[in-house]
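For the sequence shown, the tail end lands on 207 under this note's numbering, and the numbers increase by one without skipping.
No lab work stands behind these hints, which were simulated from the structure alone.
Some hints here could point you the wrong way.
To be verified - List time: in silico DMTMM-like cross-link candidates among lysine to aspartate or glutamate, alpha-carbon distance up to 20 Å:
no. : residue 1 : residue 2
1   : 172       : 191
2   : 151       : 163
3   : 57        : 47
4   : 111       : 33
5   : 57        : 70
6   : 111       : 184
7   : 80        : 70
8   : 158       : 145
9   : 41        : 51
10  : 41        : 26
11  : 158       : 137
12  : 84        : 51
13  : 172       : 145
14  : 57        : 145
15  : 172       : 144
16  : 57        : 33
17  : 111       : 163
18  : 111       : 144
19  : 111       : 51
20  : 158       : 144
21  : 80        : 191
22  : 41        : 53
23  : 57        : 87
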Amino acid sequence: MTATVTSGASVSRPHSATAHVPDASGRFGEFGRRFVPETLMQALDQLTVEYEKAQRDPEFHRELDGLLKNFVGRPNPLYFAERLTQHLGGAKIYLKREDLNHTGAHKINNTMGQGLLTRRMGKQRVIAETGAGQHGVATAVACARFGFDCVVYMGEEDIRRQKLNVFNMKMMGAEVRPVTSGSKTHRDAINEAMPDWMSSVADTHYIIGSVVGPHPIPQ
-11 MTATVTSGAS
-1 VSRPHSATAH
9 VPDASGRFGE
19 FGRRFVPETL
29 MQALDQLTVE
39 YEKAQRDPEF
49 HRELDGLLKN
59 FVGRPNPLYF
69 AERLTQHLGG
79 AKIYLKREDL
89 NHTGAHKINN
99 TMGQGLLTRR
109 MGKQRVIAET
119 GAGQHGVATA
129 VACARFGFDC
139 VVYMGEEDIR
149 RQKLNVFNMK
159 MMGAEVRPVT
169 SGSKTHRDAI
179 NEAMPDWMSS
189 VADTHYIIGS
199 VVGPHPIPQ
């Protein structure tokens, strides 16, 4: 890999697939780690241990691969967007059809794996937060598949805008809890879900829908 600097000189830098993987304490260089209340540390430690075990467990990968194939519907096709390519000119444009997954988005790839982790940790209750509702639907579906209790926090404004996804979550057995604080949207749903997790870590796993949160959640 070669990087060009403003002076015009070329600097060769080694590139590694692990260059952006956090160290054992969750640091990405000077960034990362955990800054959470003490009540969450045990849950995060447990999650870290089970996640690392699962990474090395062929049976976990076999079961997850089976779920992704037979339940989610992967692998999905790589589609050549012929007319869009012609319209824009230049490079050929391909679309990965994640919309063909069960629930209609990529979100279920995450929730099925986390469902397996929840079961490994011996927990029976799952909470999640959602904005547009796709992560909430995917979490509700995963919980229905594994037999978990499911609570989804969703901003009141998002509930108003995404009624179909709210219906789908409830149809899958999830409880949708409206969030009325702040802007009544996604960030406020996260703020409401965190205290729930803090007060119920013994039997609850939080399936976060975005790459936010303390180590090891971003992984």
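Status of the hints after comparison with the structure:
This hinted pair does not check out: residue 172 and residue 191 have alpha carbons roughly 27 Å apart, beyond 20 Å. The hinted pair formed by residue 151 and residue 163 meets the criterion: a straight-line CA distance of about 14 Å does not exceed 20 Å. Between residue 57 and residue 47 the CA atoms are separated by roughly 15 Å; this keeps the pair inside 20 Å, and the hint holds. The straight-line distance between the Cα atoms of residue 111 and residue 33 is roughly 15 Å, inside the 20 Å bound, and the hint therefore holds.
Distance hint between residue 57 and residue 70 is unfulfilled; the C-alpha atoms sit about 27 Å from each other, more than 20 Å. Proximity of residue 111 to residue 184 is assessed by CA-CA distance (about 15 Å); at most 20 Å being required, the pair is judged to hold. Distance restraint check for residue 80 and residue 70: the Cα-Cα separation of roughly 8 Å lies within the 20 Å cut-off, and the hinted pair is therefore satisfied. For the suggested pair residue 158 and residue 145, the alpha carbons sit about 17 Å apart, so the restraint of at most 20 Å is met.
With a CA separation close to 14 Å, the supplied pair residue 41 and residue 51 stays within the 20 Å bound. Taking the CA atoms of residue 41 and residue 26, the gap is about 24 Å. The hint is violated against a cut of 20 Å. For the hint linking residue 158 to residue 137, the alpha-carbon distance of about 12 Å falls within 20 Å, and the restraint holds. Of the pairs offered as hints, the one joining residue 84 and residue 51 is violated, with about 24 Å between alpha carbons and a cut-off of 20 Å exceeded.
Distance restraint check for residue 172 and residue 145: the Cα-Cα separation of roughly 5 Å lies within the 20 Å cut-off, and the hinted pair is therefore satisfied. Distance hint between residue 57 and residue 145 is unfulfilled; the C-alpha atoms sit about 35 Å from each other, more than 20 Å. Between residue 172 and residue 144, the direct Cα distance comes to roughly 5 Å. Compliance with the 20 Å bound is thereby established for this hinted pair. This hinted pair does not check out: residue 57 and residue 33 have alpha carbons roughly 30 Å apart, beyond 20 Å.
The hinted pair formed by residue 111 and residue 163 meets the criterion: a straight-line CA distance of about 17 Å does not exceed 20 Å. Straight-line distance between C-alpha atoms of residue 111 and residue 144 comes to about 28 Å, which puts the hinted pair past the 20 Å bound. A hinted pair counts as satisfied when its Cα atoms are at most 20 Å apart, and residue 111 with residue 51 qualifies at roughly 18 Å. Pair hint residue 158 plus residue 144 holds up; C-alpha atoms about 15 Å apart against a cutoff of 20 Å.
Straight-line distance between C-alpha atoms of residue 80 and residue 191 comes to about 49 Å, which puts the hinted pair past the 20 Å bound. Using a Cα cut-off of 20 Å, the hinted pair residue 41 and residue 53 holds, with the two alpha carbons roughly 17 Å apart. Only pairs whose Cα atoms come within 20 Å are accepted, and residue 57 paired with residue 87 is accepted, the gap being roughly 15 Å.
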